[in-house]
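Enquirer: Spelled out, the chains give:
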Amino acid sequence: MMQFTHAAVTAPPLHPNGAHGLGLGLFLDVGAPRARPWPAGGFASTPPPLPTSSKISLGNLNSAGCMEQLLVHCANAIEANDATLTQQILWVLNNIAPADGDSNQRLTAAFLCALVTRASRTGACKAVTAAVAAAVESAALHVHRFTAVDLASFVDLTPWHRFGYMAANAAILDAVEGFPVVHVVDLSTTHCMQIPTLIDMLASRAEGPPILRLTVADVASCSSAPPPVLDMSYEELGAKLVNFARSRNVSMDFRVVPTSPADAFSSLVDQLRVQQLVLDGTEALVFNCHMLMHTVPDETAGSVSLAQSVSLRTMLLKSLRALEPALVVVAEEDADFTAGDVVGRLRAAFNFMWIPYDAVDTFLPKGSEQRRWYEAEVGWKVENVLAQEGVDRVERQEDRTRWGQRMRGAGFRPVAFGEEAAGEVRTMLNEHAAGWGMKREDDDLMLTWKGHNVVFASAWAPS
Amino acid sequence: MASNSSAAAVAALFGIRDGHQQDQIKPLLPLQQQHRQPAIAPPSAVAAGPDHATAAVPPVKKKRTMPDPDAEVIALSPKTLMATNRFVCEVCSKGFQREQNLQLHRRGHNLPWKLKQKDPNQVQRRRVYLCPEPTCVHHEPGRALGDLTGIKKHFCRKHGEKKWKCDKCAKRYAVQSDWKAHSKVCGTREYRCDCGTLFSRRDSFITHRAFCDALAQESARLPPAGHLYGATAAANMALSLSQVGSSFQDPHGQYHQQASPDLLRFGGGGGGGMAARLDHLLSSSTFRNLPPPQAPAFHLGQTQQEFGDGNNGPHAFLQGKPFHGLMQLPDLQGNGSGGTASSAPGLFNLGGYIANSANSSGTSSHGHASQGHMANNDQISEGGGGGAGSENSGAAFFSAAGGGNFPGGDHHQAGMYSEQAMAMLPQMSATALLQKAAQMGSSTSADGGGSSSIFSGFLGQSDQQQGRAPSMVDQGQMHLQSLMNSLAGGSNGGGIFGGGGNGRGMIDPRLYDMDQHEVKFTQGRGGGGGGDVTRDFLGVGGRGDVIRGMSVARGEHHSGGGDMSFLEAEMKSASSPFNGGRMQ
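Chains A and B, in that order, give the protein sequences. Residue numbers for the first sequence follow my numbering, so the first one is 1 and each next one is one higher. Residue numbers for the second sequence follow my numbering, so the first one is 1001 and each next one is one higher.
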């Protein structure tokens, strides 16, 4: 494992009036270092001792591990309806984690916001969080509405999405070779930002461009549609894509299907099912699932699921399988936010979400507008993971292994990415900061940041 | 200067680090040695000049993050750091940054000179340098930079004025070498959208371009032209106008010969280097400078001008990328295979170009050929009444390709082309193609409602061509045939190239007369009812609605019967400026 730590020397707390003078009676122990490296600050404690049983070390308050501990304590206090303790910890956190601090502080600030949001919905903590809530801005409120052009350049800043785009495009191009008609069903959160490059690749394929049919799942009407938010109708967006396709000499048909992950995109699947009846095999059907599949409820969604034993997620994959697609590409974040308890999710999210905060320093200057948009988006995710429940909690990431099990279970076999695809991804990563990397895991490609798994891309065909 | 320093200090100046740096930076001047400013003398020597604000060397801080705790930490004032020409020749007043360079220079004046030698006995201490900017992370000794040049460049880049401005784009640089490096590649590796935004990566540009209003405006800007076919025309038309036009302005007579193999390779399914070349297309012509069709000659010139600017003259550019212009042609083929919507503009591009070069009284035989083409286009007849345009695209395409560019211009070259075509194209059996097309036709008509594959028309044509080929040794015909083969071959039968409601092929082989470079088409369009040539795949709509094919929710692919599709309109407006008046 790479170490990205620097010594947690005796740096004074950034807010001298913060932790020192509170007299909280809050003592925390900063224990032995964990194996997990942190972007800054290297220590984290082993499972939380009771807050009152150990001693706080102010010098280490700024370390990620300590912050995680405080957040965990806070979450526990909220869950236990302990208003006093909640208030105290929120106060400490609010002072050691300014929203404009270093990456760990901003990470913590986002979690703090999410916990405040959660606390403000829970009986006993409602009142006490009011004060903090005033000081803490909810990131979710500030999710930016992008124009298409802005979103294009925004997505372009980091490989977070581009990685999946490139891997998927390469796999799709391989899979539809020779097909005169290609039907791409785009299940994505990024509003077709992948499609222009796909059109471009199809336009220059050796046997001439296919007729491209694009069906886009529009989940914007859902109560918690994940960001980014597009400030443009899909009709308008589609017109632009069709126009662009024409400029590249590709015939294209664009369709939008309003649908919802809460019912496993059933309206979309139904419609595709009808269409498939009249097809004769000249059309290659491709599902491009980019960061949207995890919004379909999994087993932990509980009451949402129709049957106790079968999740909507499994149902969806099986119905996709029944459509006999030429290819299904799944690009998702390699994380697991499906834990039933908030503390479990907090730990998992804290151990993943540091990456976007750590990486952002390499491509956006502090205080820039785009950086605010970016961090608001990450903050939205954190808040969704921590503060939302039921169908509104759409950030239900599962890791690569789990998705692989699901896909196999639904009757798919993995399709390995070619060397060309891997090469293209590597070339793209070279255009970004040095921390990004790519590795192969089984047949999949994995985007890494400083050696940590970030996003995987996997391709599947009916087995 | 250096004489202020003790011998030991001077010796330290040429330590191992210096040797490294010298190798890296001045590989071509091995004799040249670097000289450190005396300000950085070790503790034993105090050498602070008047302009050295911070000469005192702090005690070495043992920071864990510092690679070498024993390194000397040097803090220089901004002035010292940025100083140039500190060492001036007393004869010619030429200034040098390093004394060693001055010493070498003095040799040329026959003045006494002396190069400092490294003292092998001196213990070499590594030096690290602080950034003088207090807010900078490199102001901390723990984050000091390892070499003087590095800290100089860092200070310039991060805290200095960006006084070097690229004259081609808006970029500014603080370090001259950065500016030089950028200037070398500016415009070649960058992609410029019409909106003015620059991109260094192609897929960034592609994505932006797709959503940028500039592209939509290009499409919308094209004015109605011609009484019969007034409508908007797609950017494509203008696009390949500039593209094809610029390449056909190629002054090199070898153009055809160079271009042909590659064109064919692509058409035949090879297409390996396609993407790379398209890069150039995209960067320099496809998306830039899309001229409105009314003034083709003017825009042609403009396009070329632009190439000249961006690529050191059209000669160099076209030599380097000889296939540039013709690349559009493979696209056209793919296009035709892809389906009506995309094919149409592309096809017309060619026609457009031809008319274009005629208008601009082309410097070569192209002009002549083009005139022939105009005539060809005139031969297009439509049977379908007011509507129908996409069939015309086919006509334009064939007339253009068959008569104009290749055989019309220079028969010898065309001959070469044809030979290569025959050699390189995968010769698909026309019968097989026909079958395939029929298959497609039936399948597409299943939900398309009476539109059948015009590909059968093409294929019939192709078939006929093959039949005639042995007897007619007409290069143009050979060429046409190969083109058509590749067209069909690329399509895999996927074309829904319109076709009349009754399924007749749109090209009547009987009307095709290669000897005269004329192509006549009758349109097998079935009156009113099934008059919809454009299938919904196009996503282009009728009556000015650009996206009729796009439907929300459950909208089945439908194409309104009798609607003049956007495509058709586009085709017509594209054609009108050139020959619309004479079209029937």
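If you are wondering where the hints come from, they were derived from the structure by calculation, not from laboratory data. Honestly, I wouldn't trust all of these hints.
The calculated SDA-like cross-link candidates involving lysine to any residue, where the alpha carbons are at most 25 Å apart (straight line), are [to be verified]:
#1 B:Lys1094 - B:Lys1168
#2 B:Lys1180 - A:Asn76
#3 B:Lys1162 - A:Gln370
#4 B:Lys1171 - A:Asn430
#5 B:Lys1165 - A:Ser103
#6 B:Lys1158 - A:Arg372
#7 B:Lys1184 - A:Thr427
#8 A:Lys366 - B:Lys1158
#9 A:Lys366 - B:Thr1135
#10 B:Lys1171 - A:Phe363
#11 B:Lys1079 - B:Lys1168
#12 B:Lys1165 - B:Ala1083
#13 B:Lys1168 - A:Asp361
#14 B:Lys1114 - B:Cys1136
#15 B:Lys1162 - A:Asp361
#16 A:Lys366 - B:Lys1153
#17 B:Lys1163 - B:Gly1142
#18 A:Lys366 - B:His1109
#19 B:Lys1184 - A:Lys366
#20 B:Lys1158 - A:Met291
#21 B:Lys1116 - B:Lys1158
#22 B:Lys1158 - A:Gly451
#23 B:Lys1079 - B:Lys1184
#24 B:Lys1171 - A:Gln370
#25 B:Lys1180 - B:Lys1116
#26 B:Lys1162 - A:Leu429
#27 A:Lys366 - B:Lys1180
#28 B:Lys1114 - B:Thr1135
#29 B:Lys1158 - A:Leu173
Enquirer: Do the alpha carbons of Lys1162 (chain B) and Asp361 (chain A) lie within 25 Å of each other, as the hint requires?
Expert: holds (22 Å)
Enquirer: Can the restraint linking Lys1171 (chain B) and Gln370 (chain A) be considered satisfied, given a maximum Cα separation of 25 Å?
Expert: holds (20 Å)
Enquirer: Between Lys1158 (chain B) and Leu173 (chain A), is the straight-line Cα distance small enough, at 25 Å or below?
Expert: Not satisfied, since the Cα-Cα distance of roughly 43 Å exceeds 25 Å.
Enquirer: Take a quick look at whether Lys1079 (chain B) and Lys1184 (chain B) sit within 25 Å of each other, Cα to Cα.
Expert: violated (30 Å)
Enquirer: For the pair supplied as a hint, Lys366 (chain A) and Lys1158 (chain B), confirm whether the alpha-carbon distance does not exceed 25 Å.
Expert: Given that 25 Å is the threshold and the Cα spacing comes to 15 Å, the pair holds.
Enquirer: Taking 25 Å as the top limit, are the C-alpha atoms of Lys1114 (chain B) and Thr1135 (chain B) close enough?
Expert: Violated, at about 41 Å.
Enquirer: What's the verdict on Lys366 (chain A) and His1109 (chain B), does the C-alpha distance respect the 25 Å limit or exceed it?
Expert: The given pair, whose Cα atoms are some 54 Å apart, is violated under the 25 Å limit.
Enquirer: Just to be careful, I want the Cα atoms of Lys1094 (chain B) and Lys1168 (chain B) compared with a cutoff of 25 Å; is the pair within it?
Expert: violated (32 Å)
Enquirer: Please verify whether Lys1158 (chain B) and Met291 (chain A) have alpha carbons no more than 25 Å apart.
Expert: violated (37 Å)
Enquirer: Quickly compare the C-alpha distance for Lys1162 (chain B) and Gln370 (chain A) to 25 Å and report which way the hint goes.
Expert: Holds, because 23 Å separates the two Cα atoms, which is no more than 25 Å.
Enquirer: Starting from Lys1163 (chain B), check that the Cα of Gly1142 (chain B) is at most 25 Å away, please.
Expert: violated (30 Å)
Enquirer: Holds or violated: Lys1171 (chain B) with Asn430 (chain A), Cα cutoff 25 Å?
Expert: holds (22 Å)
Violated hints, in rising order: 1, 2, 5, 11, 13, 14, 17, 18, 19, 20, 21, 22, 23, 25, 26, 27, 28 and 29; the structure is consistent with all others.
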